[in-house]
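K.L.:
Sequence:
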Amino acid sequence: MEKGIQYLRELAVWEMVYYDPDNAQLPTDPDEDQLRKSNGEWRLTVDYRGLNEVTPPIAAVPDMLELQYELESKTAKCYTTSDIANVFFSIPLAAECRPQFAFTWRGVQYTWNRLPQGWKRSPTICHGLIQTALEQGEAPEHLQYIDDIIVWGNSAEEVSEKGKKIDQILLKFDFAIKRRKVKGPEQEIQLLGIKWQVGCRQIPMDVINKMAAMSPLTNKKKQKHS
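Numbering (full-length UniProt numbering), first residue to last: 1 to 226.
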């Protein structure tokens, strides 16, 4: 936990607001937690359910199922995807917006300088800013879901050029590209948990295996009356 806090402070993602030495040795605040990512690393999170309850809703991000239908309608032989590194942390918060995100850890109060994860508006704000950047940069035809972007075409050369154009636009608008997650050009690619090949989609086998290994759902009402 301490290493995560120090790392985010070094990135200027967090700033210290207040220090209370009398409470410096208190146990973990229940609103802070660490979640393990799929690659085994830990993601430091804050529970913003209370803030989310009093935050008015705004337009949601695009529906994933609609994006899948649209991508399925495209004639394509190759695909390339782009992925933005630490995308929320690429978006600065105005000073007047920071107090609402403040939290305390061992007597020290912190707040975010960048768009925090866990806040209900963060995905929509993030998606909109990336969408605006791509529109202003006259990006080639693509589909976008927050920070996941895919382009397609009939040849590896065509798709490679489109992918490079997308990346150049994002870099121009101060977004960092996560190179190890850039995929393609390939005839088969995975996006949003779905495998794509020549305009056809299928569920990856590892996902099917995980679903098959899950315990069957039970009906608690039936159990109660049996």
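Incorrect hints may have been included.
[Unchecked claim] List time: in silico DSSO-like cross-link candidates among lysine-lysine, alpha-carbon distance up to 27 Å:
| # | residue 1 | residue 2 |
| --- | --- | --- |
| 1 | Lys164 | Lys183 |
| 2 | Lys165 | Lys195 |
| 3 | Lys181 | Lys165 |
| 4 | Lys195 | Lys164 |
| 5 | Lys164 | Lys74 |
| 6 | Lys183 | Lys74 |
| 7 | Lys178 | Lys164 |
| 8 | Lys181 | Lys77 |
| 9 | Lys183 | Lys165 |
| 10 | Lys178 | Lys77 |
| 11 | Lys77 | Lys183 |
| 12 | Lys195 | Lys181 |
| 13 | Lys77 | Lys165 |
| 14 | Lys183 | Lys195 |
| 15 | Lys74 | Lys178 |
| 16 | Lys195 | Lys178 |
| 17 | Lys165 | Lys178 |
| 18 | Lys77 | Lys164 |
| 19 | Lys181 | Lys164 |
| 20 | Lys172 | Lys183 |
| 21 | Lys74 | Lys165 |
| 22 | Lys178 | Lys120 |
| 23 | Lys77 | Lys195 |
Hints were generated in silico from the structure; no laboratory data involved.
K.L.:
Taking the hints in turn, state whether each one holds.
P.N.:
We went through each hint and held it up to the structure:
no.: 1; hint: Lys164 x Lys183; result: holds (12 Å)
no.: 2; hint: Lys165 x Lys195; result: holds (24 Å)
no.: 3; hint: Lys181 x Lys165; result: holds (17 Å)
no.: 4; hint: Lys195 x Lys164; result: holds (22 Å)
no.: 5; hint: Lys164 x Lys74; result: holds (20 Å)
no.: 6; hint: Lys183 x Lys74; result: holds (18 Å)
no.: 7; hint: Lys178 x Lys164; result: holds (13 Å)
no.: 8; hint: Lys181 x Lys77; result: holds (20 Å)
no.: 9; hint: Lys183 x Lys165; result: holds (15 Å)
no.: 10; hint: Lys178 x Lys77; result: holds (24 Å)
no.: 11; hint: Lys77 x Lys183; result: holds (14 Å)
no.: 12; hint: Lys195 x Lys181; result: holds (15 Å)
no.: 13; hint: Lys77 x Lys165; result: holds (19 Å)
no.: 14; hint: Lys183 x Lys195; result: holds (12 Å)
no.: 15; hint: Lys74 x Lys178; result: holds (26 Å)
no.: 16; hint: Lys195 x Lys178; result: holds (20 Å)
no.: 17; hint: Lys165 x Lys178; result: holds (15 Å)
no.: 18; hint: Lys77 x Lys164; result: holds (18 Å)
no.: 19; hint: Lys181 x Lys164; result: holds (14 Å)
no.: 20; hint: Lys172 x Lys183; result: holds (21 Å)
no.: 21; hint: Lys74 x Lys165; result: holds (20 Å)
no.: 22; hint: Lys178 x Lys120; result: holds (24 Å)
no.: 23; hint: Lys77 x Lys195; result: holds (13 Å)
This entry satisfies every hint, going by the numbered hints stated previously.
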